[in-house]
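Asks: Sequence:
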Amino acid sequence: MYHSPLKNITFGCLFILAFTSVFGARIKDLTDVRGSRSNQLFGYGIVTGLAGQGDSRIEYTELGVLNALETLGIRADKADKSRNIAAVMVTADIGPFAKEGSRMDVTVSSIGNADSLQGGILLQTPLYGADGKVYSVAQGAVSIGGLSAGGGGGANVQVNHPTVGIVSNGGLVEREIESRVLNSGNEIELILRSPDSLTAVKIADAVNKYYPGTSLAIDGGVVNIQVPANFRGQTTNFLAAVGGIDVKPDVPARVIINERTGTIVATQSVRISPVAVSSSNVTIFLNPTTGVSQPLPFSQGATTILQGENADLIEEVGRFEALDELDPPGASTVNELASALNKLGLTTREMTSILQSIKNAGALQAELIIN
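Numbering (our numbering), first residue to last: 49 to 419.
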């Protein structure tokens, strides 16, 4: 059988080993303080100046423009049809210590049929919190990371996503969000970003090393810290001191596979018991074909040449490999697992299947997550 060498497609994957730093991490990088968090804001706005790339005859867009003009004292019976405007949703995160008059970035996304927000200006838009109150007002030039261009013949070129953009420092804080980091017992609660009982205990022990008897791990997700008497009234200073303490977190044994991107990530604590694996390599050959579409007699159609491809799949003879070179004895490390799988020359699909089988066999001592 003949196979076109130009159409030989092979698959590859990226196996990433995630190692834990021997120096650990700062507590501030592992936890959040209860009562001190960001809040989401949203609002409905209008972007102008789109030079024919905006919405076309969208009712809520026209009403938005008419309302904006009426606010300025300009009466109009109907909006124009220039496609220079677009209806957008505006979103932002307001930080826990944002003060009145401070600025933040806002994200703008089209909700109509605009082709692009490139070159547009976001008109003044109030941003609301979950309680319905206005916390910020956004306005400014929209910056996008993509572009869209088309010609009169129907040709169209698009790079990235031109209907979503950012207004840098476009949000002006009008209302502050109250933050309370101390509870009624004069305690600070640290919330672990990746809950883990062993890590919580390590954090409590590390704090107690510097401030004896002040910290207790409540569960895998919360650590309570009693503010020492010499830090009363100086909560910020105490948080800064605690946040700078180094802790070596316990990293759970996980193997995460993303089949769409061909990426496999495994933590250093992954272990595998002795196991034998049989694998096969699959190659797909795509061969171009040419066909003719002939219209029926007396019809309005025309003869058309059709281009296509035939797909051939070849599966090589399977190999039986033993993953039993263990160091230390009894459990292979993720280094050895990665080395053994890479030696087999497997595709991501094959690696996923093998790892699932190893897990089902009880030989993979790790959580297997497939996205």
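FYI, nobody ran anything at the bench for these hints, they're computed from the structure.
Since the structure is predicted, the reported quantities are computational estimates derived from the model, not experimental observations.
Wrong hints could be hidden among the right ones.
As the list claims (entries may be wrong) - Cross-link-like lysine-lysine pairs, in silico, DSSO-like; alpha carbons within 30 Å at most: (1) 181 <-> 147; (2) 147 <-> 296; (3) 296 <-> 181; (4) 76 <-> 147; (5) 296 <-> 257; (6) 250 <-> 296; (7) 257 <-> 76; (8) 296 <-> 76.
Asks: Hint by hint, say whether it matches the structure.
Replies: Results of checking the hints against the structure:
1. 181 <-> 147: Judged against 30 Å, a Cα distance of about 16 Å means the pair holds.
2. 147 <-> 296: The hint is violated at about 34 Å.
3. 296 <-> 181: 42 Å, violated
4. 76 <-> 147: It holds: about 22 Å lies between the C-alpha atoms, which stays within 30 Å.
5. 296 <-> 257: Satisfied, since the Cα-Cα distance of roughly 14 Å is no more than 30 Å.
6. 250 <-> 296: 8 Å, holds
7. 257 <-> 76: 17 Å, holds
8. 296 <-> 76: 13 Å, holds
In summary, the structure is inconsistent with hints 2 and 3 from the numbered list given earlier, while agreeing with the others.
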